[in-house]
Amino acid sequence: MWRRYGDAFYTLLTLAVFGFETIALGALSLSFLLGKATGIASTPVEGILLGVVISTASALALLGLYLLSYHFVSNLRDRWQAEHLDKWTEWWIGLALTGPGEPAGHAPDRRPLPRVAVDSVLSLLEAVKGEEGDRLKEALAGHGVDRWFLRRARAGHLTARLDAIEGLGKARLPHALDPLLGLFHHARPVVRRMAARAAAGTLAIMAPEPGPDGPHARFIDAIKQADLQPGVVQESLLLLETRAGPILRELLADPELSDSLRWVALETIGRLGLADMAELAAASGTHPDPELRAATFRCLRRLGSVPEAAQAPLLGAVDDEVDFVRVQAAHAAAFVEPEAALAALEPRLEDSSWWVRRAAAASMARLGELGVASVRRAAESHPEKAAREMAVQILLEADVLTPAAARLATGVA
Amino acid sequence: MLPTPRLTDARILVVDDERVNVVLLERILEQDGYRNVKSLTDPSEVVGLYDQFEPDLVLLDLHMPKLDGFAVMQQLESRISRDTFLPILILTADIRPEIKRRALSAGAKDFVTKPFDRTEVLLRIQNLLETRFLHLRVRHDTVPEGQAT
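Protein chains in written order, with the numbering used here: chain L, 1 to 413; chain R, 1 to 149.
Quick caveat, the hints were computed from the structure, so don't treat them as lab data.
Errors might be hidden in some of the hints.
Said to hold, decoys possible - Calculated pairs, EDC-like style, for lysine to aspartate or glutamate (alpha carbon to alpha carbon, straight line, at most 20 Å):
no., chain 1, residue 1, chain 2, residue 2
1, R, Lys66, R, Glu18
2, R, Lys100, L, Glu235
3, R, Lys114, R, Glu26
4, R, Lys114, L, Glu241
Sequences are here, hints too, so could you generate the full structure?
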């Protein structure tokens, strides 16, 4: 509440009050010092002191009055806002559910719509789609809200611009896609970020159109050309939801795709659980960049599926020269045929990296009875102490072994 | 044999911190003929209302401040006996598979992603209520007369 309304005036008032007090107290201090130095009687000083006290009290009273009235007005304003929001929400829902022809009562008789009406319909558009959502969008366009948002998104104060981009993101208007893509090249990173989110949300409800001029192709081009942080691209791809698949497929199929975008695509496939793309993702398992190899195996691990053609490279990567690649490969090896996986994982129990040893033992324990038996064997009789300890730890965590049994069988606990 | 109740007589509880979403769902359900709909924007009141209202279906938002949908399901779990089928339909904008898995293991029976399609929501509600009523009937038929609750 405090940050929303009147904070500029509040800041000025506070500055004035405290500035005045500082000057007055400064004068008072100087007077005292001068009085002490020159032996002047204290009466003028007392006068200054009295003046300062009176003015300070008045200033504080003014400030207190302002605070009280601010609370009062804010409460009134919030209540008014909530009532209007409810009225508008009912009106928009009526419009969405009853079909063509605006419902009776509280009809918007003026243009442009008040802000509360716009907020209300934008919230509804975040909740409903289909015919009902389309009716709301038509009504928004009918009142010129889309044009108003587009105008503000392209020019004006930064706050207003971000507000307009957020509005466009909520409204998910197909005709706003290209202006939003245009903002991918804006000088300010925050504008680029908001535009990417809004464009992705819009694209998520648009039917795919094949061809280089389709919206999805334009979005891909914009992502490739814009200076967007990997996190921003990933967030946008996640917002594409069910429409992400074809875009990710096209990104990964591009041999000239930048490493950072390839990394983002692999992360997104894993996070969205797009298991049908496991094969395409697995192709990056032999990439020269270790970050990309690790991302590939992390993706396969999240998908819980390793395509047959990717099994040999994956098991080879369990012995990769880079430790964080070995960690991810060892985790993903839990989804490979047990005998082959165990052959690759068992030697990793002696790995110099604690994380690799842990990933190897954990994956072995997930490989059914054969895997658990191997871990148990390692816990009991592996020549390396570190391997025995890790195997015991994993068996304890998996409730295969009790601490007492572990001590008895292995001497490790 | 227990007479099959009409679906529109079902008691439905809507829980979402966004008032706009609650009103939208209420109106959608009303328009489809459902007459016993109660809603909450404060998830901490769910347990109290659950005891009074005894809903046949809960429509639950996942991401809410203070008490999220997972915590609400946890609270409800202690109120629902093991042989009771209380469907919980999750309405969420979060489509991450791990969230779905977590919610399903916490007791959710189905998912609808926001923004949702009105027809899809109504069909899912109908399916869950049919299952609920079938379950109630089977339970009634297998419990000796006078012991059914």
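These are the hints, each one checked on the structure:
Among the hinted pairs, Lys66 (chain R) with Glu18 (chain R) is consistent with the structure: their alpha-carbon atoms are about 13 Å apart, no more than 20 Å. As the CA atoms of Lys100 (chain R) and Glu235 (chain L) are separated by approximately 18 Å, the hinted pair is consistent with the 20 Å bound. Taking the CA atoms of Lys114 (chain R) and Glu26 (chain R), the gap is near 16 Å; set against the 20 Å cutoff, the hint holds. About 11 Å separates the Cα atoms of Lys114 (chain R) and Glu241 (chain L), which keeps this hinted pair within 20 Å; it holds.
In terms of the numbered hints stated before, the structure departs from none.
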